[in-house]
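Asker: Based on the provided sequences and hints, a complete structural model is requested.
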Amino acid sequence: MELREPDGRNRHMPVTVYIPTPFRRFAGNQTYVKADGKTVGEVLESLGGQYPSLRQMIYDASDEIPGHINIYVNSQEIHSLQGKLTPVKDGDEMAVIPAIAGGQVLTPEQVNRYSRHIIMPQVGPAGQRKLMETEVLVVGAGGLGGPAALYLALAGIGTIGIIDFDVVDLSNLQRQVLHQTEDVGKPKTESAKETLRAYNPDVNVVIHNTPITSDNAMEIIPQYDMVVNGADNFTTRYLVNDACYFAGKTLVDGSILLFDGQATVFVPGHGCYRCLFPAPPPPGLVPNCAEAGVLGALTGVMGSIQAIEVIKQVLGIGESLVSRLLLFDALAMDFRIVKLRRDPKCPLCGDNPTIKELIDYEGFCGAPFPGQDHDGPDGSVGA
Amino acid sequence: MAIEVKLTATLQKLAGGARSVQSEGSNVREVLEDLERRHPGIQDMVMVDGQIHRFVNIYLNDEDIRFLEQLETPLREGDVLSILPALAGGKI
Numbered sequence: 010m011e012l013r014e015p016d017g018r019n020r021h022m023p024v025t026v027y028i029p030t031p032f033r034r035f036a037g038n039q040t041y042v043k044a045d046g047k048t049v050g051e052v053l054e055s056l057g058g059q060y061p062s063l064r065q066m067i068y069d070a071s072d073e074i075p076g077h078i079n080i081y082v083n084s085q086e087i088h089s090l091q092g093k094l095t096p097v098k099d100g101d102e103m104a105v106i107p108a109i110a111g112g113q114v115l116t117p118e119q120v121n122r123y124s125r126h127i128i129m130p131q132v133g134p135a136g137q138r139k140l141m142e143t144e145v146l147v148v149g150a151g152g153l154g155g156p157a158a159l160y161l162a163l164a165g166i167g168t169i170g171i172i173d174f175d176v177v178d179l180s181n182l183q184r185q186v187l188h189q190t191e192d193v194g195k196p197k198t199e200s201a202k203e204t205l206r207a208y209n210p211d212v213n214v215v216i217h218n219t220p221i222t223s224d225n226a227m228e229i230i231p232q233y234d235m236v237v238n239g240a241d242n243f244t245t246r247y248l249v250n251d252a253c254y255f256a257g258k259t260l261v262d263g264s265i266l267l268f269d270g271q272a273t274v275f276v277p278g279h280g281c282y283r284c285l286f287p288a289p290p291p292p293g294l295v296p297n298c299a300e301a302g303v304l305g306a307l308t309g310v311m312g313s314i315q316a317i318e319v320i321k322q323v324l325g326i327g328e329s330l331v332s333r334l335l336l337f338d339a340l341a342m343d344f345r346i347v348k349l350r351r352d353p354k355c356p357l358c359g360d361n362p363t364i365k366e367l368i369d370y371e372g373f374c375g376a377p378f379p380g381q382d383h384d385g386p387d388g389s390v391g392a
Numbered sequence: 029m030a031i032e033v034k035l036t037a038t039l040q041k042l043a044g045g046a047r048s049v050q051s052e053g054s055n056v057r058e059v060l061e062d063l064e065r066r067h068p069g070i071q072d073m074v075m076v077d078g079q080i081h082r083f084v085n086i087y088l089n090d091e092d093i094r095f096l097e098q099l100e101t102p103l104r105e106g107d108v109l110s111i112l113p114a115l116a117g118g119k120i
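For the record, the sequence lines run as chains A and B.
Using the numbering used here, the first residue of the first sequence is number 10, and each one after it goes up by one.
Using the numbering used here, the first residue of the second sequence is number 29, and each one after it goes up by one.
No lab work stands behind these hints: they were computed from the structure.
The model shown is predicted, which means the values in this text are computed figures rather than measured ones.
Check each hint, because a few of them may be wrong.
[As the list claims (entries may be wrong)] Within a straight-line C-alpha distance of at most 25 Å, the following computed SDA-like cross-link-like pairs (lysine to any residue) qualify: (1) A:LYS348 / B:LEU96; (2) A:LYS354 / B:ARG82; (3) A:LYS354 / B:THR101; (4) A:LYS348 / B:GLU32; (5) A:LYS365 / A:GLY257; (6) A:LYS348 / B:GLU100; (7) A:LYS354 / B:PRO102.
Answerer: Spelled out as structure tokens, the structure:
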């Protein structure tokens, strides 16, 4: 929208500029300020005129924008547009994003790589640093663990641990995005590491090429900040649940079968898998994915939801799935949420707990840990 | 009274593939009995020795009936029950 001034010049309506936290004190503690101009350069001049101390932050001694500051117009970095000559119009939103947050520096490459996250006020440079300092263990490099690990790697999660004992089978490739045809026969952890590192070399991928069992769970889980459960069997599910509770770690849970998915977040003290399902089904009563099948793309939905919950938890934003169970029915395309309560009678996290250390999970579930005994051709730990 | 019952995953095949079935009953127990008459076999998947399996949850709307009155939880016209077995996601 333009208004003709009496002297014939075009008067432009202001552009909104997002001011990130580190700069806010230079702009009257405002998150958004208005500034005029037809180009990015003019808007920045107008901004600098209003807030001289901010001007010193966004221009260097030679009056150029320094390399550690990125300028965005409607989420696009101006280097990919026309730099300072990028035209702006009424209603556009600009953002001035510095690479410095919390005393730590993001490299220009990182600022660029994560720019679509950083530009959102819920993330920002400080949130990006938090993600980069977080260590997440993914149990199972399969259908759920795959997309979860993938999106966590893309988001720049600092360390991703992958625990799986299995090798890639051709029948995995209908849904398991970390592995490709040429990986058949390769350990899933190695294939996962190669894929994640190719997507984002920033990420430290730690592989545990072993089944998770009562012998190693309390060594491995405490090394991480959070755990994503992509296990495909009840024995592992109850073990991971108990170990996370004892280690005080948040567990982002997901499970799938046929066209249905379930997801929730267990934070110690707010309910656990035993509160949700006190006991596993007897072996054979609930069929597994190998017997009954699973829609490949469904694993992508549920694994992505698990990645979203990890990221929300790290950033402390939104409403998590803690105390809520998400049910997804892909055939009906129906998402529903039901309440999940901590059960005061829960033997693990209830008022009078009887489980005070890891138990015999194979006995409890009536089934061995996969990888301990004989495994079928699709005997992956990851769904 | 008419109650809608949503079925998940493995239970659907006992109801001819339906994801949602109509049933009658004034409490959860009556609905499960009615379901068994309409879709034989479903009760064994949900109950054992007169109690709900510990790996199966039944929700009245969005609340777990274990935290209501369990099988005696009264129902009103238009209520939705969901029967939800634990999913392992793969091999068990």
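Asker: Confirm or reject each hint.
Answerer: Verification of the supplied hints:
1. Restraint check for LYS348 (chain A) and LEU96 (chain B): satisfied, since their Cα atoms lie roughly 12 Å apart, inside the 25 Å limit.
2. About 13 Å separates the Cα atoms of LYS354 (chain A) and ARG82 (chain B), which keeps this hinted pair within 25 Å; it holds.
3. At most 25 Å may separate the alpha-carbon atoms for a hinted pair to count; LYS354 (chain A) and THR101 (chain B) meet this at roughly 19 Å.
4. Distance restraint check for LYS348 (chain A) and GLU32 (chain B): the Cα-Cα separation of roughly 19 Å lies within the 25 Å cut-off, and the hinted pair is therefore satisfied.
5. Between LYS365 (chain A) and GLY257 (chain A), the direct Cα distance comes to roughly 13 Å. Compliance with the 25 Å bound is thereby established for this hinted pair.
6. For the proposed pair LYS348 (chain A) and GLU100 (chain B), the alpha carbon gap of about 19 Å is at most 25 Å, so the pair holds.
7. For the hint linking LYS354 (chain A) to PRO102 (chain B), the alpha-carbon distance of about 23 Å falls within 25 Å, and the restraint holds.
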